[in-house]
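**Student:** Sequence:
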Amino acid sequence: MSLARRFPTRRSSRLPELLVPALLGGLVLVYFAIPFVAFLARTGAVDVVGELSTPEARVAIRNSLITAPISTAISTVLGVPLAYVLARRSFVGKRLVEALVILPLIVPPVVGGAMLLTAVGRFTPIGAAAAAAGIPLTDSLLGVILAQTFVAAPFVIITARAGFGAVDERLEQASRSLGYGPLSTFWNVSLPLARGAIVAGIVLTFARAIGEFGATMMVAYNPRTMPTRIWVEFIAGGIDAIVPLGLALLGITLAVLAAVQRFGRVPTVIDR
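Residue numbers (this note's numbering): 1 to 272.
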């Protein structure tokens, strides 16, 4: 009897027990894939290049490519330090802070936009003061950034917190024992070790920001971004009218994801 037959590999022994989960998971994958295939099948009847060359489409694409990176940068600069504090410290009110981080994820985006309007709308003290200073917080690119940051920032905070939580605190303690301060330890030890999770959170944040519609529509319907322009085109012309901008939006998000997977080295759950 061969050695391979006497001692079956771990991979082959796990195949039967993974069969049912794989089949069930396959169903949801099919459910995910069918809308993509059906949407892409409609591209043949649409002049994608011509429609994307219109002034309205170019402005919408430009606005999205301006605001989404800014929103992502703001979310990262402010959110990653907060994620580190949540991963490393217990303090009075921590549960409240965690709830505030999660709330924008579970509140419907349109409601989130309405909440923003009650805080920074044109007739609120903050909004009126900003408008008087020549910095309108609604119906402007700044309003788009505010809406995108509100709904997208939790992604990088939650993901980065998980990354910092996976870093062995003894490594940070060793850095401190060598004379490095808290900031040096964070920058040279904690941040590099949690890089994969942080990069993944940044990607999710960007994808959420560039695709944000509900809150953006409430806070800054004009100037239009790609999602708001898609809505206008849908109302005017139906599904076929939104295919060009929909493809452009899908292409941007896929390109960012592919670049990060290629160069960012975002780890998978199990590496084989």
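Calculated directly from the structure, the hints in this document are not laboratory data.
Don't take every hint at face value.
Unchecked claim - Each pair of labels, with its calculated beta carbon distance range: (1) GLY44 x ARG95: 26 to 34 Å; (2) GLY165 x LEU24: 25 to 33 Å; (3) TYR180 x ALA132: 29 to 37 Å; (4) ILE126 x PHE36: 38 to 46 Å; (5) GLN173 x ILE102: 28 to 36 Å; (6) GLY134 x TRP187: 45 to 53 Å.
Backbone N, C-alpha and C define an ideal beta-carbon position, used for all residues, glycine too.
**Student:** It remains to establish, for every hint, whether it holds in the given structure.
**Tutor:** Each hint tested on the structure:
A hinted range of 26 to 34 Å for the beta carbons of GLY44 and ARG95 is inconsistent with their spacing of about 53 Å. For GLY165 and LEU24, the hinted distance range of 25 to 33 Å is satisfied, since their beta carbons lie about 29 Å from each other. Taking 29 to 37 Å as the suggested C-beta distance range, the pair TYR180 and ALA132 does not conform, at roughly 47 Å. For ILE126 and PHE36, the hinted distance range of 38 to 46 Å is satisfied, since their beta carbons lie about 41 Å from each other.
About 30 Å separates the C-beta atoms of GLN173 and ILE102, a value consistent with the hinted range of 28 to 36 Å. In this structure the supplied range 45 to 53 Å is violated for GLY134 paired with TRP187, their Cβ-Cβ distance being about 37 Å.
Checked against the numbered hints listed earlier, the structure breaks hints 1, 3 and 6; every other hint is satisfied.
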